[in-house]
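Engineer: Please assemble the complex out of the two chains, which come individually in their own frames, going by the hints.
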Amino acid sequence: MSNRPELIAPPEIFYNDSEARKYTSSSRIVEIQAKLSERALEPLALPKDDVPRFLLDIGCGSGLSGETISENGQQWIGFDISASMLNVAVEREVEGDLLLGDMGQGLGLRAGVIDGAISISAVQWLCNADKSSHEPRWRLKAFFGSLYRCLSRGARAVFQLYPENIAQRELIFDQAMQAGFSGWLVFDYPRSTKKRKEFLVLRCGPLPTNIDYGHNDSCSDDDDSEDEEDGMVCVLDRNRPRKKQRTNKKGKGREWVLRKKEQSRRKGNDVPADSKYTARKRKSRF
Amino acid sequence: MRLITHNMLSCNIKGVTNGFPLKVEAEKVIEKEIDFNPDFLRHMFAKIEWKALVEAACSLGYAELPEDSPDATVIESAADESLLKKLHHALLELHLEEGALVCPETGRKFPVNKGIPNMLLHEDEV
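Going line by line, the protein sequences match chains A and B.
Under the working numbering, the first residue of the first sequence carries the number 1, and numbering increases by one thereafter.
Under the working numbering, the first residue of the second sequence carries the number 1, and numbering increases by one thereafter.
Next comes chain B alone, as it looks inside the complex (with noise of 0.2 Å):
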């Protein structure tokens, strides 16, 4: 699992009002070299939570990231390319291969097996 995906992925508890973001329990990451696509990215940005994926880049052992949100300009513009290739980086290139991710509110582990993250519920989850 890709760390895009998990700055989409809220715990679906019945009851949980905060279940963003799951923290990550790390194993065994990997990377896996994709394509540089700056255009993605740009459009892609505005949708990211930051923090949550500094957290969670730092939890996978990526700490290269800037602490404080970069301004939404100096993304559009294509002059920084360094900060979009560590994006990039962090975004689309580590996968979390084994592991669990932690729901913040209720401490409820999603394993993480083969890159795939179980979210199924027990049926007095739902």
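Excised from the complex, chain A in its bound form (with noise of 0.2 Å):
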């Protein structure tokens, strides 16, 4: 990803009126945005009585995620930075109630009052200083924080997340666990760069049994073994010793050759037909 907004301006900035009007008018973004929400809630695991529950949107912009959570029949309270994108969420007439804040500084929300949480793509935000009294880690820490105070017991908080790095991801998950959340993550077609989606699902109180799995690739053909690993990938367990590559004068082989042709396969990407001169050296005169 390199055109990532949140290295171009702080998100107060970033969405301003312009921004805003052609994010919520974007029908690509719109589809994409509704569709996330959805999957958000899926792992939010409310009881299927009818009863409205009472969610939390945070970073909720225009109101996007909010119509999906209306939709399924839930009431919201939304919460976001962009002045701009909460006016064009007051012109959408969207249900929930919208609160201007800065989910850095705490939510500022009384204790144990809240069913659930979901956040679509914007807790990333939070691992940039844009002022200079900003410190990433106390930020992440104040939100946090408040947002387990304000959580009943039981409940879920789903965040979809864009992190930049390894690095932004484990300090997002280290400070959640630090605020008393239990929590894992879970990848939706994580083989693919592009449509890869990444959830960060925390709980107040331990971990249940039966967690979730990510929504994989229906036409993706694999073997079965691979296919157990697909859904969750933990990356925890980074200090894993790297595999020794068999190299030796000749280069890496021809099975190595095709393995990673099958592989880019599977991604979608464009690739060659194997043929009997594939991973064959050139001749010496070259």
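Do not take every clue at face value.
[As the list claims (entries may be wrong)] Only pairs whose alpha carbons sit at most 25 Å apart, straight line, appear in this in silico DMTMM-like list of lysine to aspartate or glutamate:
id, chain 1, residue 1, chain 2, residue 2
1, B, Lys14, A, Asp174
2, B, Lys23, A, Glu95
3, A, Lys141, B, Asp124
4, A, Lys35, A, Glu95
5, B, Lys109, B, Glu125
6, B, Lys47, B, Asp35
7, A, Lys48, B, Glu123
8, B, Lys85, A, Asp174
9, A, Lys131, B, Asp124
10, B, Lys32, A, Glu95
11, B, Lys28, A, Asp174
12, B, Lys114, A, Glu19
13, B, Lys28, A, Glu95
14, A, Lys195, A, Glu19
15, A, Lys131, A, Asp174
16, B, Lys14, A, Glu135
17, A, Lys48, B, Asp35
18, B, Lys51, B, Glu98
19, A, Lys131, B, Glu125
20, B, Lys86, B, Asp68
21, B, Lys85, A, Glu31
22, B, Lys86, A, Asp50
23, B, Lys28, B, Glu64
24, B, Lys14, B, Asp35
25, B, Lys28, B, Asp124
26, B, Lys32, A, Asp188
27, A, Lys131, A, Glu255
28, B, Lys85, A, Glu93
29, A, Lys48, A, Glu12
30, A, Lys267, A, Glu164
31, A, Lys48, A, Glu6
32, A, Lys22, A, Glu12
33, A, Lys131, A, Glu91
34, A, Lys141, A, Glu12
35, A, Lys141, B, Glu123
36, A, Lys48, B, Asp39
37, B, Lys28, B, Asp71
38, B, Lys32, A, Asp270
Simulated from the structure, these hints should not be mistaken for lab results.
Structural biologist: Here is the structure:
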């Protein structure tokens, strides 16, 4: 992802009037947001008894994700730092209440009143220090601490994230754990770089026994042993020893090349067909 | 902003111990009708601070809620629909459109514009 909005300007400045309008009038973004929020509601595991629950939408923006919550028959409060985005939300007459606030300053809600929280592509903004007074670690701590307080016991929070690198992901995860949450990461389509979506699911209280697994490409034709690991990838075992690369004078060998080509094909890239010339060395006269 | 949100909201300034409830200074109040859902009200009833709700409803010009918190059993039983209707109106249908929320401890004002309270803190308040 080369053009990350996080690197351009702070959220309250990046999402100005024109950007907010652009964002909401793009049918592609509207569709993506709706899909993501639909997916984020699944791990929330709200009881299916037709009683509306009171949810929090953190970084609600123009209320695109809130609309999905309303369609699911829940009540919600939206939180955002960009006044322009909230103005668009007011024009669109969303059903939830809107608050202009900075999640890095804490949410300022009473203890134990919220039944669940979702956040679509918002929390990674906290990893940036946009002002001299900002310290990402403290801001994440204030955010997760206040979120932990305001959630009722057993409630869950689902964050769809775009961390820039592993360090950011671990920073977010660590701060959430320190606030007292238990949690796990869910990856949808872990093999594809474009389609991959990452969800951090947090829970007040101990880990539940039935953790849902990430969605997977139904069209991929892998062998069974690989399929099992596909859904969820644990990032925390980063100390795994690196595989020794089997190289000799002849290079990595035909099998290695075929395997790499197969991997690339699974991601959906254009790969030349295999032939007898595949991985054959050039003649020495070159 | 509806009163259900007001009932959840407390002042977030550093060092403030009881920033709840925020006082309401209403300039413009509107009403929007929404569907009556007794199940949701029963679910939320345990979480609501009754005194804060009555005060806030009064400052929006709606004084029909009883002063004392009704018993949970009254709310649970389907008998008293009229009370639930009042609660529904106060919690979900009254909107504070323009005005301000005032922190009870420091007196800091959080302005409300177009129904959106501005809860952003200054740097020295974090």
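Engineer: Each hint needs a verdict: does it hold in this structure or not?
Structural biologist: Hint check results:
A threshold of 25 Å between alpha carbons decides the hint, and for B/Lys14 with A/Asp174 the separation of about 24 Å falls inside it, so the pair holds. About 24 Å separates the Cα atoms of B/Lys23 and A/Glu95, which keeps this hinted pair within 25 Å; it holds. Our distance criterion of 25 Å between C-alpha atoms is met by A/Lys141 and B/Asp124, whose separation comes to about 18 Å. For the hint linking A/Lys35 to A/Glu95, the alpha-carbon distance of about 19 Å falls within 25 Å, and the restraint holds.
As the CA atoms of B/Lys109 and B/Glu125 are separated by approximately 13 Å, the hinted pair is consistent with the 25 Å bound. Using a Cα cut-off of 25 Å, the hinted pair B/Lys47 and B/Asp35 holds, with the two alpha carbons roughly 21 Å apart. Proximity of A/Lys48 to B/Glu123 is assessed by CA-CA distance (about 43 Å); at most 25 Å being required, the pair is judged violated. As the CA atoms of B/Lys85 and A/Asp174 are separated by approximately 45 Å, the hinted pair breaks the 25 Å bound.
Between A/Lys131 and B/Asp124 the alpha-carbon distance is near 13 Å, which keeps this suggested pair within the 25 Å criterion. Between the alpha carbons of B/Lys32 and A/Glu95 the distance comes to roughly 10 Å, so the proposed pair stays at or under 25 Å and holds. As the CA atoms of B/Lys28 and A/Asp174 are separated by approximately 44 Å, the hinted pair breaks the 25 Å bound. Pair hint B/Lys114 plus A/Glu19 holds up; C-alpha atoms about 20 Å apart against a cutoff of 25 Å.
Restraint check for B/Lys28 and A/Glu95: the C-alpha separation of about 19 Å stays at or below 25 Å, so the hint holds. For the proposed pair A/Lys195 and A/Glu19, the alpha carbon gap of about 24 Å is at most 25 Å, so the pair holds. For the hint linking A/Lys131 to A/Asp174, the alpha-carbon distance of about 23 Å falls within 25 Å, and the restraint holds. Restraint check: the Cα-Cα separation between B/Lys14 and A/Glu135 comes to about 16 Å, which is no more than 25 Å; the hinted pair holds.
Pair hint A/Lys48 plus B/Asp35 holds up; C-alpha atoms about 20 Å apart against a cutoff of 25 Å. A distance of roughly 23 Å separates the Cα atoms of B/Lys51 and B/Glu98; the hinted pair therefore holds under the 25 Å criterion. For the given pair, A/Lys131 sits about 15 Å from B/Glu125 by alpha-carbon distance, which is consistent with the 25 Å threshold. Restraint check: the Cα-Cα separation between B/Lys86 and B/Asp68 comes to about 14 Å, which is no more than 25 Å; the hinted pair holds.
Taken as a hint, the B/Lys85 and A/Glu31 pair is broken in the structure, with Cα atoms around 37 Å apart against an allowance of 25 Å. Distance check on the hinted pair: B/Lys86 and A/Asp50 sit about 22 Å apart at the alpha-carbon level, within 25 Å; holds. Only pairs whose Cα atoms come within 25 Å are accepted, and B/Lys28 paired with B/Glu64 is accepted, the gap being roughly 19 Å. For the hint linking B/Lys14 to B/Asp35, the alpha-carbon distance of about 39 Å lies beyond 25 Å, and the restraint is violated.
A threshold of 25 Å between alpha carbons decides the hint, and for B/Lys28 with B/Asp124 the separation of about 30 Å lies outside it, so the pair is violated. A threshold of 25 Å between alpha carbons decides the hint, and for B/Lys32 with A/Asp188 the separation of about 40 Å lies outside it, so the pair is violated. Distance restraint check for A/Lys131 and A/Glu255: the Cα-Cα separation of roughly 52 Å exceeds the 25 Å cut-off, and the hinted pair is therefore not satisfied. A threshold of 25 Å between alpha carbons decides the hint, and for B/Lys85 with A/Glu93 the separation of about 24 Å falls inside it, so the pair holds.
With a C-alpha separation of about 37 Å, the suggested pairing of A/Lys48 with A/Glu12 is violated against the 25 Å cut-off. Our distance criterion of 25 Å between C-alpha atoms is met by A/Lys267 and A/Glu164, whose separation comes to about 21 Å. A C-alpha spacing of about 37 Å is found between A/Lys48 and A/Glu6, which places the hinted pair above 25 Å, so the restraint is violated. For a cut-off of 25 Å, the pair hint linking A/Lys22 to A/Glu12 stands: about 15 Å separates their Cα positions.
Simply put, A/Lys131 and A/Glu91 have alpha-carbon atoms about 30 Å apart, too far for the 25 Å limit, and the pair is violated. A distance of roughly 20 Å separates the Cα atoms of A/Lys141 and A/Glu12; the hinted pair therefore holds under the 25 Å criterion. Our distance criterion of 25 Å between C-alpha atoms is met by A/Lys141 and B/Glu123, whose separation comes to about 17 Å. The hinted pair formed by A/Lys48 and B/Asp39 meets the criterion: a straight-line CA distance of about 13 Å does not exceed 25 Å.
A threshold of 25 Å between alpha carbons decides the hint, and for B/Lys28 with B/Asp71 the separation of about 32 Å lies outside it, so the pair is violated. Among the hinted pairs, B/Lys32 with A/Asp270 is inconsistent with the structure: their alpha-carbon atoms are about 55 Å apart, more than 25 Å.
Checked against the numbered hints given earlier, the structure breaks hints 7, 8, 11, 21, 24, 25, 26, 27, 29, 31, 33, 37, 38 and satisfies all the rest.
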